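Number of protein chains: 2
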Amino acid sequence: MTNFQQNLEKYASLAVEVGVNVQKGQTLVINTSIDSAEFVRLVVKKAYEVGAKHVYVNWSDDTVNRTKYDLAPDEAFQEFPEWKAREVETLAEGGAAFMSIVSSSPDLLKGVNPDRISNFQKVAGKAMSKYRQFIQSDKVSWCVLAAPSKDWAAKVFPDASEEEQVDLLWDAIFKAVRADQADPVQAWKDHDANLHEKVEYLNEKNYQKLHYTAPGTDLTIELPKGHLWVGAGSVNEEGTTFMANMPTEEVFTVPLKTGVNGKVSSTKPLSYGGNVIDNFTITFENGRIVDVKAEEGEEILKRLVDTDEGSHYLGEIALVPHESPISQSNVLFYNTLFDENASNHLAIGNAYAFCIEGGKKMSEEELEKNGLNNSITHVDFMIGSDKMNIDGVKEDGSTEAVFRDGGWAF
Amino acid sequence: MTNFQQNLEKYASLAVEVGVNVQKGQTLVINTSIDSAEFVRLVVKKAYEVGAKHVYVNWSDDTVNRTKYDLAPDEAFQEFPEWKAREVETLAEGGAAFMSIVSSSPDLLKGVNPDRISNFQKVAGKAMSKYRQFIQSDKVSWCVLAAPSKDWAAKVFPDASEEEQVDLLWDAIFKAVRADQADPVQAWKDHDANLHEKVEYLNEKNYQKLHYTAPGTDLTIELPKGHLWVGAGSVNEEGTTFMANMPTEEVFTVPLKTGVNGKVSSTKPLSYGGNVIDNFTITFENGRIVDVKAEEGEEILKRLVDTDEGSHYLGEIALVPHESPISQSNVLFYNTLFDENASNHLAIGNAYAFCIEGGKKMSEEELEKNGLNNSITHVDFMIGSDKMNIDGVKEDGSTEAVFRDGGWAF
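These protein sequence lines map, in sequence, to chains U and R. The number in my numbering is simply the position in the first sequence, starting from 1, with 953 added. The number in my numbering is simply the position in the second sequence, starting from 1, with 953 added.
Derived from the structure by calculation, the hints contain no laboratory data. None of these values were measured; they are calculated from a predicted model. Idealized CB from N, CA, C, for every residue including glycine. Treat the hints loosely; a few may be bogus.
Said to hold, decoys possible - If you want a taste of the chain U side facing chain R, the calculated C-beta under 8 Å gives, among others:
1) Thr1020
2) Tyr1022
3) Leu1024
4) Gln1031
5) Ala1038
6) Arg1357
As the list claims (entries may be wrong) - With a Cα cut of at most 25 Å, we get these calculated DSS-like pairs of lysine-lysine:
7) U/Lys1037 x R/Lys1151
8) R/Lys999 x U/Lys1063
9) R/Lys1079 x U/Lys1037
10) U/Lys1037 x R/Lys998
11) U/Lys999 x U/Lys1178
12) U/Lys999 x U/Lys1128
13) R/Lys1313 x R/Lys1151
14) R/Lys999 x U/Lys998
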């Protein structure tokens, strides 16, 4: 077996055993591209080996998707098939685990009429809201991970030869998800313990606000009463642990919807709906986005903010040391799954119910009353750098260093 | 553009314009394997170009399917997801067209526990019965066509080199579907007219019985009152023409369920559920199968006959001259779509409602009362050869030659 084959096998085991943590008799749903067939076949095999009853693979193809955006009539983007939404709801109600293996190029939808993209995001977001609740409240196990496509690899490694690009991206992914280590499952246990230490520290401190400063950034974020910092492993309704993202280097919580004030500048490009938004600043007043500027993709960013009322507010704040392994790799993946784990970030849109005490059992109204934002969208953007400082503000107004020069201060 | 590319483009146009005949604003559903991606992408493009609103591609993968048969628990084959059945029903109710591009090797499920296969066929057949009614009564447009997979090509051309096998199968398919002709659409029009001539002749004759004789075969098949011979183009509920199979060389009708007597011998192997059944004879008494013998796959054939009550009876009789283009190619495709068009054949199982006057509007009970068989399955098997004679028996007992030495006698 080649080194590549060994890493691929270890990665497939991680996806099944640590990622969604498939249980005996469970159904696994895999959303993936036909580009990832070799890896997917290994994942399917490992899932049945640990006792899965059904593995349903929902294959897609980037070319077919792009062809629709280019050639279908406008009406095609103003409706979303109900049967597709019912399908995933039914599977989630039955306790299935959901794995997404992403591989699309960030440029997939470059040049597409942005109306088509935003219309489709809206109707899909609305139709899938019930399913999204299953995922975002961790009722079922889910895991997002990645595999290279040719186009994505070419974007990440434009200077390498065509044959090398995919190999280089595989290597970067294997490193980021610790699949290249001798005992990846143990490596994830250690990593999980380390992130949980940070989580416990921050939950004990129970800061009232965080104050971010960096070039182009001066932002204060109030935290809601009962907010919970979380990170690494999650636990579903059945008590099964799972890893929602692979890689994951972040600890995160929710902001108080109306408690965000000031200005923040991006430090990495944001790939959104197949387009790139870069070098942007966002200004907040009492939580609401009141101004956005972008050197690239400003129109796309404005449309993102205009998705619904909730997309004018933040739903997540996440801390990642600038010296994370992914950051150290110096690879810009043009993919949130990786780039968010290289940098402090925020998310526009929906807040995670599990980031507030008792939140998993609250209705949407109760969550809003507790200061959590509600939206059909949730989009991360990167703000961290080695010049970022963050202070924690306690109830008595005193401050403590949380981040200094882009790294943990404690 | 290479010759191959040209043929592939022409084949994609045939699939869209002649096969399902996609209409403006219509939804097209494509069931296919990831092996056929290159061809599928062309089909999708052509479908949008002629005005399709949505093209949904349901990709599958032979390796993933086989892995399930090898590794999933027994229970996995005793249930079929309701949401999958609802999905296709909803699409059919909305007037979608359905294209299946088949490519699996006939050996795909070789060695699999036959209980798993027959259990799954039963639950799938039951769950999909409402959808099957849409298809088998031609309410919606549908088309089955083929594209090579590596394994299928290796089965058909075992003596060719690995690189040549897929190319040879493509060439054989292009020839069979007339995609290699200068104007394939016109070629299909001529072909359609020719088959309709035979259909009209047979409908005018309105034989009461057919009497088949050949080595190992002496079979009398009674035809129900009001039976209709059909062939080539079909017409859906909306009045749109379509071609249910590409290729198609047959004219066919339904037998009287209880009017089949005698013995028939197969002349080509039957590929069923990933297994091969070969050199078999079937004996009928008053329509019911009372004995089967097979040199290869006898157990599989017995299970097929035991699927349900209706699978003990015939549902289709089809006439194909032994000198059809596919027969002349001398290629054994190990695939019913092709092999049935090289030979006279019969089908075990469900009868087509449109093969009897007024049948499209009859309930299941009315169809049974008129002598049509009802089953969850429908499986063709080949009985034609250059030694086959068929006589038509008129109401007054007189006979006329229909087939002589494997070819049309009129």
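Okay, the hints, checked on the actual structure:
1. Thr1020: Interface hint status for U/Thr1020: holds (5 Å vs cutoff 8 Å).
2. Tyr1022: 10 Å, violated
3. Leu1024: Constraint on U/Leu1024 satisfied, holds at 4 Å.
4. Gln1031: 10 Å, violated
5. Ala1038: 10 Å, violated
6. Arg1357: 49 Å, violated
7. U/Lys1037 x R/Lys1151: Status violated; Cα separation ~44 Å.
8. R/Lys999 x U/Lys1063: 22 Å, holds
9. R/Lys1079 x U/Lys1037: 22 Å, holds
10. U/Lys1037 x R/Lys998: 22 Å, holds
11. U/Lys999 x U/Lys1178: 43 Å, violated
12. U/Lys999 x U/Lys1128: 21 Å, holds
13. R/Lys1313 x R/Lys1151: 22 Å, holds
14. R/Lys999 x U/Lys998: 36 Å, violated
When the structure is compared with the earlier hints, violations turn up for hints 2, 4, 5, 6, 7, 11, 14 and for no others.
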